[in-house]
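**Q** Residue-level listing of the chains:
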Amino acid sequence: MRQCISLWFLALLAPALAFAAPNPKLALPSFSALAQKATESVTITLDPGLLGLAAKFLDSSDPQDAATMEVLKGLQGIYVRSYTFDKDSAYQQSDIDAVRSQLAAPGWNRLVETRSRKTHADVDIYIMLDHNQAIGLALIASEPRQFTIVNIVGAIDLDKLHKLEGQFGVPKLDIDVSKGTAPPAKREPAPAK
Amino acid sequence: MNDDSTDPLDEQLTKARRGERAALTLLVRTHQRSVYSLALRMLGTRDLAEDLTQEVFMQMNGNLSAIDSNRHLGFWLRQVTTNRAIDQLRRRARVPMTSLDEETQLFSAEEASDPLLQRHLQALLADLSPPARAVLLLRYQEDLDPPEIARTLDMPLNTVKSHLKRSLESMREKTMRMQPTRCEGSSYE
Amino acid sequence: MSEDLESQMRAALRSVAPSEEFSQKLVASVTSQPPAAPKARRRVAGLPLLAWWSSAGLAACVVLAVGIQQHLQQQRLQQSGLEARREVMEALRVTSQKLNLAYEAVKSQSTSLTDEQSGA
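Residue numbers (this note's numbering), protein chains in the order written: chain L, 1 to 193; chain X, 1 to 189; chain D, 1 to 120.
These are computed hints drawn from the structure, not numbers from a lab.
It should be emphasised that the depicted structure is a prediction, and the values quoted were computed from it without experimental measurement.
Cβ atoms here follow ideal geometry from the backbone N, Cα and C, with glycine treated the same way.
Hints should not be assumed to be uniformly reliable.
What the hints assert, rightly or not - Taking lysine to any residue pairs in the SDA-like style, the calculated list, with each CA pair at most 20 angstroms apart, reads: (1) X:K174 / D:E83; (2) D:K25 / X:Q59; (3) L:K73 / D:S96.
To be verified - Ranges between beta-carbon positions, derived for each pair: (4) D:S108 / L:R110: 16 to 22 angstroms; (5) D:A17 / L:P63: 40 to 46 angstroms; (6) L:Q76 / D:S108: 46 to 52 angstroms; (7) X:R29 / L:P22: 37 to 43 angstroms; (8) X:R29 / D:R10: 19 to 25 angstroms.
Said to hold, decoys possible - Selected chain D positions facing chain X (in silico; Cβ < 7 angstroms): (9) R10; (10) A12; (11) V16; (12) F22; (13) V27; (14) Q33; (15) L77; (16) S80; (17) R85.
With the hints as extra help, turn the sequences into a complete structure.
**A** Following this line, the structure appears as structure tokens:
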């Protein structure tokens, strides 16, 4: 009887579980209106084909290239959107809400949330885990005259990302993924805007 | 109007007119790739391309008696496919070209294909008006020369040449930009 | 340069096959339709006649053209590969820059907390 109930329960749950399979790839808006206002914009879309192509042109004897090759292993995509403006508050937080709302979906865990009074920069880092393995990373950085969204899809090895320190100036975040999501960093008061 | 071509498919065309299914199947299989590719790159999605491909071949089956040769059939299929696609695009709101994020394969998946060029090409195709898009595809997919394109689309030859010139210039401009999208004069912090 | 670009576009725009599933469905639907009754033959706008052939010269030209196209394609692929590599480096640089912002904020917060605690 108990087995029947369990099976029945699983049968009910299965469609919901299948439907809700988390997707680490964000649907990034075109930001075309903001791009027109920006003095500088960076749009990088590296799907598996391009990542594979790029990897062929990395030199394993060069330390930076070698570290990059290690990071790229297992990655399915890297997507960057970054816009710089010539005055403060040229963009609204609502412009980025379409991305933030995706990060509120099941599967995404906020790893780091920082608000800096010194640099006036807000940085949120999210991670998607599958059995303690990072399969997606999302970063939103809001500064007075720039915002940046980075989405990395695939088997992210945070240890290898750490090893990029010194190559691209990547800092150690001292976050142990194996213990689950780290609590967010304590917030500084938001700067008055 | 038949010429002195010794195209073996001419005989299949004759058989298909008589209702022989095997011959009709062979003709469909021979030309489906060209028709489907034109439809796909004109309309941008697999579903629409498949619908149009089916309509075109159904229409072909109803008009076989008016088609003189396999070569003529190729011309007829290209003409009908591109004209119907242009009509569809004009009737609907602008159908967005499939983004690279979606699964539809607009381009060859062969090893030697260039993904960056494909991206530029996709952007170019999306920017072109339906007639200009048809001109580009008939030139570079179907390898027609400008007078043949003009006949296929019932378009003045100078218009065809103008579309080609502008498309090439646009493509050249896109491929010359070797850096990630960036405006000049700024640097990062 | 223009010929190079045109040959690249030809390569990129080689026709793609529909799925086999669709292909079978297409054949089935077309062949199940009864053939139309023959209409009076009408002339349609004529097609150009085939050009003259020169067998050996043409074969040599074709081989040469294919060889040049492959070489140019390889060159283009190399350029694209280098551009893709640059984009990867740029993406990682931007990512690291923003990670650094977070790091600085965390570090700054830790320093402030330590100062507060030692001052209390």
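**Q** Against each hint, give a clear statement of whether it holds in the structure.
**A** Going through the hints against the structure:
{"no.": "1", "hint": "X:K174 / D:E83", "result": "holds (13 angstroms)"}
{"no.": "2", "hint": "D:K25 / X:Q59", "result": "holds (16 angstroms)"}
{"no.": "3", "hint": "L:K73 / D:S96", "result": "holds (18 angstroms)"}
{"no.": "4", "hint": "D:S108 / L:R110: 16 to 22 angstroms", "result": "holds (20 angstroms)"}
{"no.": "5", "hint": "D:A17 / L:P63: 40 to 46 angstroms", "result": "holds (45 angstroms)"}
{"no.": "6", "hint": "L:Q76 / D:S108: 46 to 52 angstroms", "result": "violated (34 angstroms)"}
{"no.": "7", "hint": "X:R29 / L:P22: 37 to 43 angstroms", "result": "holds (42 angstroms)"}
{"no.": "8", "hint": "X:R29 / D:R10: 19 to 25 angstroms", "result": "holds (23 angstroms)"}
{"no.": "9", "hint": "R10", "result": "holds (5 angstroms)"}
{"no.": "10", "hint": "A12", "result": "holds (5 angstroms)"}
{"no.": "11", "hint": "V16", "result": "holds (5 angstroms)"}
{"no.": "12", "hint": "F22", "result": "holds (5 angstroms)"}
{"no.": "13", "hint": "V27", "result": "holds (5 angstroms)"}
{"no.": "14", "hint": "Q33", "result": "holds (5 angstroms)"}
{"no.": "15", "hint": "L77", "result": "holds (6 angstroms)"}
{"no.": "16", "hint": "S80", "result": "holds (4 angstroms)"}
{"no.": "17", "hint": "R85", "result": "violated (11 angstroms)"}
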